[in-house]
Amino acid sequence: MFRLILNRCKKKHFQSFKALSILTAPLRVKRRSVAKNSRRKDYIVRNVQKSNVRFLVIIIFISFASISNAQSIELSAGFNRLDYQAGVAYGHRWNHFHLTSKLEFGVTSTFGQGRMMPRISVGSSYFLLRKGLVDFGPEIVYAFSRQRITFNSKTAHNWNEIYAGYRLQIGRNIKFVHSVNGGWINESFYSSALGKRVNYNSLGIYAQIGVSYTF
Amino acid sequence: MRKSELVILFSTAILILSACGKKSVFGHVEVLGHGGNGLEIVNAFYHDNSLESIELALLTDGCDGVELDVRLSADGTLWLYHDNELDDGTNGTGCVETSTDEYLSTLHYSSVDQEALIRLSDIPKSYLAEKKVYIDGRSSISCTNGTADMNTFVNEMVAFQNVCLASTEIIVETRNDQWEVAVAAAGFTTIKFITHFDQYADVLMNLPTVDIIVVTNETISKHNISQIHDDGLEVIIFGMRSVKSTREAYNKNPDGILADNLRTAIIEKH
Chain A
1 MFRLILNRCK KKHFQSFKAL SILTAPLRVK RRSVAKNSRR KDYIVRNVQK
51 SNVRFLVIII FISFASISNA QSIELSAGFN RLDYQAGVAY GHRWNHFHLT
101 SKLEFGVTST FGQGRMMPRI SVGSSYFLLR KGLVDFGPEI VYAFSRQRIT
151 FNSKTAHNWN EIYAGYRLQI GRNIKFVHSV NGGWINESFY SSALGKRVNY
201 NSLGIYAQIG VSYTF
Chain B
1001 MRKSELVILF STAILILSAC GKKSVFGHVE VLGHGGNGLE IVNAFYHDNS
1051 LESIELALLT DGCDGVELDV RLSADGTLWL YHDNELDDGT NGTGCVETST
1101 DEYLSTLHYS SVDQEALIRL SDIPKSYLAE KKVYIDGRSS ISCTNGTADM
1151 NTFVNEMVAF QNVCLASTEI IVETRNDQWE VAVAAAGFTT IKFITHFDQY
1201 ADVLMNLPTV DIIVVTNETI SKHNISQIHD DGLEVIIFGM RSVKSTREAY
1251 NKNPDGILAD NLRTAIIEKH
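Keeping their order, the protein sequence lines are chains A and B.
Per the working numbering, the first sequence starts with residue 1, numbered consecutively.
Per the working numbering, the second sequence starts with residue 1001, numbered consecutively.
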């Protein structure tokens, strides 16, 4: 059947036949040793796997971006019981639901004392009120920060914070952002004196203001 | 990338790198936590003179000791409390000196964590190993305008020293000259608080037993401290809350600092 079609094409459309013959003709394979062929096969498989992973990441990113109503980049300044914080956040929004991931640095420690104090946080808020330019709703946040106190990085202090509060956004594309959160703060570090990790818990607060650009 | 963006990126990188490169080493200066992990400062998780605050300070790497405010109860026991009256910072009323141990053991601070009031003997002795304990002995009783019993205070201090490990160094400050002499006679290293350097000459003349001078950062210069060192005495500075004032204090070359912001003080030292 396929040959019949090919013959017809051969007669009527010589140019098309040329194109089809390229597609149907067996691939010319260079003569290589078995080992070389096997290596080449592995190389191709690895590359295909790599490209699959890349493809998957791109698909996830595009799907996230396409199903979200908006994405945003945010510059913020705030404070908690440890330090003043300044950083940048990336946000996604699906209707009333807003998800943020943020990287901040303790200002006094990092710039005033030359001792890095990074703080990574993720937060989600649900805007109960969406009226005109105003978005307002409850927010929950988890944050982790770390700082080396002495030269010994083994005894660096870690802080975990879990907060609940509110988030307010005012604006269209460029928004004024404000949030206040309160909750639990935990300080943990390795004590050289006791030879074990110790934990101290207290209540904490985090307040911030910022500017976000929605796109 | 535009030229202006490159300039901003480059200057930010330089700023971060220069911040990372700063190192201030004042290895000889001892860092003592004021009231444990700091006095009336938001960075301190717990109320001053509470067990939690003292433990947190003593276990922090780089902390050389703690300063504690000590008062005698009506039963003659040493309790840790900074303010004059219990109404000022706890759920109790009256003064430590007029209250029994039974009553004091029911009290807690009016702070978010509501830490309990503790006796000096409640501090785990193992935490004090190789640490300095700066005792601020409060002699005056504001509720009665009287003075606590000096002999009981000294005896209690000696008893505390006897249960501490040999590596724990106890130094004692009192605002009462009579107490100061008695504490020195009991074999303790003694500290005298002066509000200004002008008072230093009087201390030298009237209290020759004093080993350490304690003074606020604002009222003393590097030159004054070097004068005190020339007389063979040590100097401890307090009253620093910011990075700037802590750095200033270190640069004056004292023998120790009472840090309210303990983390800042330790980082600045290392």
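Derived by calculation from the structure, the hints in this document are not laboratory data.
Mixed in with the good hints, there may be bad ones.
Every beta carbon over 12 angstroms from chain A, so not counted as near; a handful from chain B, in silico [unchecked claim]:
{"no.": "1", "residue": "T1147"}
{"no.": "2", "residue": "S1242"}
{"no.": "3", "residue": "E1268"}
Dumping the calculated BS3-like pairs for lysine-lysine here, alpha-carbon to alpha-carbon at most 25 angstroms [claimed, not checked]:
{"no.": "4", "chain 1": "B", "residue 1": "K1222", "chain 2": "B", "residue 2": "K1244"}
{"no.": "5", "chain 1": "B", "residue 1": "K1222", "chain 2": "B", "residue 2": "K1252"}
{"no.": "6", "chain 1": "A", "residue 1": "K196", "chain 2": "B", "residue 2": "K1252"}
{"no.": "7", "chain 1": "A", "residue 1": "K196", "chain 2": "B", "residue 2": "K1244"}
{"no.": "8", "chain 1": "A", "residue 1": "K154", "chain 2": "A", "residue 2": "K131"}
{"no.": "9", "chain 1": "A", "residue 1": "K196", "chain 2": "A", "residue 2": "K154"}
{"no.": "10", "chain 1": "A", "residue 1": "K154", "chain 2": "B", "residue 2": "K1132"}
{"no.": "11", "chain 1": "B", "residue 1": "K1222", "chain 2": "B", "residue 2": "K1125"}
{"no.": "12", "chain 1": "B", "residue 1": "K1252", "chain 2": "B", "residue 2": "K1132"}
A virtual CB, placed ideally from N, CA and C, is assigned to each residue, including glycine.
Results of checking the hints against the structure:
no.: 1; hint: T1147; verdict: holds (37 angstroms)
no.: 2; hint: S1242; verdict: violated (8 angstroms)
no.: 3; hint: E1268; verdict: violated (6 angstroms)
no.: 4; hint: K1222/B with K1244/B; verdict: holds (16 angstroms)
no.: 5; hint: K1222/B with K1252/B; verdict: holds (4 angstroms)
no.: 6; hint: K196/A with K1252/B; verdict: violated (36 angstroms)
no.: 7; hint: K196/A with K1244/B; verdict: violated (33 angstroms)
no.: 8; hint: K154/A with K131/A; verdict: violated (50 angstroms)
no.: 9; hint: K196/A with K154/A; verdict: holds (11 angstroms)
no.: 10; hint: K154/A with K1132/B; verdict: holds (24 angstroms)
no.: 11; hint: K1222/B with K1125/B; verdict: violated (36 angstroms)
no.: 12; hint: K1252/B with K1132/B; verdict: holds (21 angstroms)
Checked against the numbered hints listed earlier, the structure breaks hints 2, 3, 6, 7, 8, 11; every other hint is satisfied.
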